[in-house]
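Colleague: Sequence lines, in order, name chains A and B. Start counting the first sequence at 18; every next residue gets the next number (the working numbering). Start counting the second sequence at 71; every next residue gets the next number (the working numbering).
Since the hints were derived computationally from the structure, they do not count as laboratory data. As the structure is a prediction and not an experimental result, all values here were calculated from the model. There may be inaccurate statements among the hints.
Derived coverage of chain A by chain B (criterion: at least 3 residues anywhere in the stretch with Cβ under 8 Å from a Cβ of chain B; other residues may be distant) [what the hints assert, rightly or not]:
{"id": "1", "segment": "211–223"}
{"id": "2", "segment": "256–270"}
{"id": "3", "segment": "385–396"}
{"id": "4", "segment": "420–434"}
Using N, Cα and C, we set each Cβ at its ideal position, and we do this for glycine too.
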Amino acid sequence: MRTRKLLSLLLSCLLIASVMPIFGAGAREADPEIVLTWPCIWVGQDSKADMIEKIVNEFNEEHAGEIRVIIEPQPDYDGYEDTIRTRLAAGQAPDIFTFKLSPTTAAYYSGDLLMDFTDDLTQDGWGYTFNQGNINASTIDGETKSLPYEIGFTPIWYNTELFAKAGIDEFPRTMDEFWVAADKLKAIGVVPTSQMTGGTNSWTSMLWFTHLLGSFGGPEVWERAWDDPAYEQAAAILKRLYSDGNTTRDAIGADAGVSGGHYQAGRTAMFINGAWYIGNIRENSPEAYAATKLAPLPQAGDYYGHQVGWLHTNLGAANTDDPARREAVITFLKHLTDPENAKRVSLDAGSLLSIEFDLGPEDEIDPLQQQFIDAGNQAEFLIDHLEASMPVDVVYEFGQAIGAMVLEDRSPAEFVQMLEAVHD
Amino acid sequence: MKKLTKKTNRNLKWIIIFLIPVTVLLIAFFVYPIVYLAFLGFMEWDGISAMSFVGISNYTRTFGDSVFQTSIKNNLIWALSAAFLQIPLALVIALILAREPRGWRFLRTVYFLPNVISLVALAMLWRAMYNPEFGAVNFFLSQLGLEHMTRNWLGELDTALPAVIFSYQVYIGYFMVIILAGTMSIPKTFYEAAMIDGANILQQERYITLPAIRGIIVTAGTLAVAFALRQFETTFLMTAGGPANRTPVMGLYMYRRMAGLRYGQAAATGVLLILLGVVVLSGMQRIFGKSDAIEDAHQ
């Protein structure tokens, strides 16, 4: 009897003790080494994964016993954004993380969750290693609470071999020429463009739409109201891109993997994506990679020669009252954004970064990446894409509005109304 | 009598001690979140800045949104499909397997197998199968000479929702196992007596099996409807609510509000989802089970 009682008491204590760690989480033991966790999207198959891991490992070796950065792999883009958003809402910002700065995520700057780099950037010339336009874009109300890292720049990709097979000598200069080229491509069994309405942002089609919007509305188009004719004109062409076999049968509902996969497999002749995709296509589809050239959108409206370019990824860090921890974060971020390391990431992955670095004769730059640089230099003006310019509700609705316009045969005006309706 | 009271008091003490951990967990992870959800539903909050009280405007805004109205409709379609498609299918299979035909154990495992595979993996598999260009569904239709029936299953207005719901029917194995367990616990002598009386198989099922497992069927139905009402992952992964906002469910609608940093409206949607669940499940209990279904199942 006594043993049973004792056993019961022990079991009760064990049950209660088992839930205690839940409430005791967060208590940290004193440790001379500062451990920083970085939930990181650049892992797995991502083109920057290898070099980022190498740079982090080098940092950890250099600061052994003092600072250690641990990468928490998060290979899914949407899942990553959910994780960051949830952790910030819970007041538990990761030590280091990345995010896309947009009208919605600008809310992250309010409060004191994020570390403010404004003063740090003025010291030792750190701030001058970044593109100043990108630093300005990352500064809200005088506070730079995130560091610009990757630049998004997305010209039209086209497959020169498929164009040649269809008898098209050069990339069309006007939309009339574009439709003629599209018919020639269809005649040889090639689908002209990759499109998609899936994912959280309908990536490829969102970029086509932004290019079109730039051509109709010019560089300041995002500052105009929804009743500006440019939106409707761009939507009308987008609708046509989804009609008459100008895109693949699976475009409605397709995600970025499908859209890019069609281009890589040579089923579509035109596609849009950023320089970060170079590593992927070079490795998986060398033929498509070798045949790819870049171009601006054929002229649809009054403007021509623009490109879609924006600040793609910012580095953020959790604010802390601990000076040593703060110093550790700054030390790591300075290491990561060091021009030499930025150059290594850029050359290895093909990405374009906000950090300015010099290229020497010994640096081998990828030919497609060189095309990106040339296209950037030749651009008449840059326009932010829809995701960087509009609240996330509009971005989500964009794919649904395309579906409605194409499947329900709604007019371009109704397409614009759908976007306007969700825009607060 | 005195001794009995003393023993009861002693037992009560131990009952309380043993209930403490689960009560703490229940309050921390169930009661508190629901109360907080209800509170948040009256607030405007972006997850970062301070909250502000907005009364019922989150609710009026949500009800006024046509996508939310579609979401409620879709949730109810999901619930109906669970009650009138998933459970009847599971019942038929369970009744067949209960007769222990050759290979029934193997078939039982096969039907249950999807339940041990990640829902995400299965959703991605179905997505690939439905792909209009390379998917297995269109491939087989083409092979059968039914090319005219091939389509973009997840990308067309008429087929997207049925296609997603159909893909979810692979989970009938879960309910089949519950019903099968109940069916196989019916004494064989009942059937032997019925056979002597000349009852055929259908009559045996109609007059012996179904009345005996009525409570279990109601329980399985309740679970199936509850799963359907909290549907999110399959829809999110297969259509993300598209095309043209035809397939959203309330869980997805709530997720979208959170992604837009409108936590107050997301919380209001969560409250409405809970209320819908309470109404639907209470209605089911009222219609199909005079007494508690779970209690019935154990009788």
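Colleague: Take the hints in turn and mark each one as holding or not.
Modeller: Hint check results:
1. Counting residues of the segment 211–223 of chain A whose C-beta lies closer than 8 Å to any C-beta of chain B gives 4; at least three are required, and the coverage claim holds.
2. With 6 residues carrying a beta carbon less than 8 Å from a beta carbon of chain B, the segment 256–270 of chain A meets the three-residue requirement, and the given coverage holds.
3. Residues of the segment 385–396 of chain A lying with their CB closer than 8 Å to a CB of chain B number 0, which falls below the three-residue condition for coverage.
4. Using a Cβ-Cβ cut-off of 8 Å, 4 residues of the segment 420–434 of chain A lie near chain B, which meets the minimum of three, so the contact claim holds.
In terms of the numbered hints stated before, the structure departs from hint 3 and from no other.
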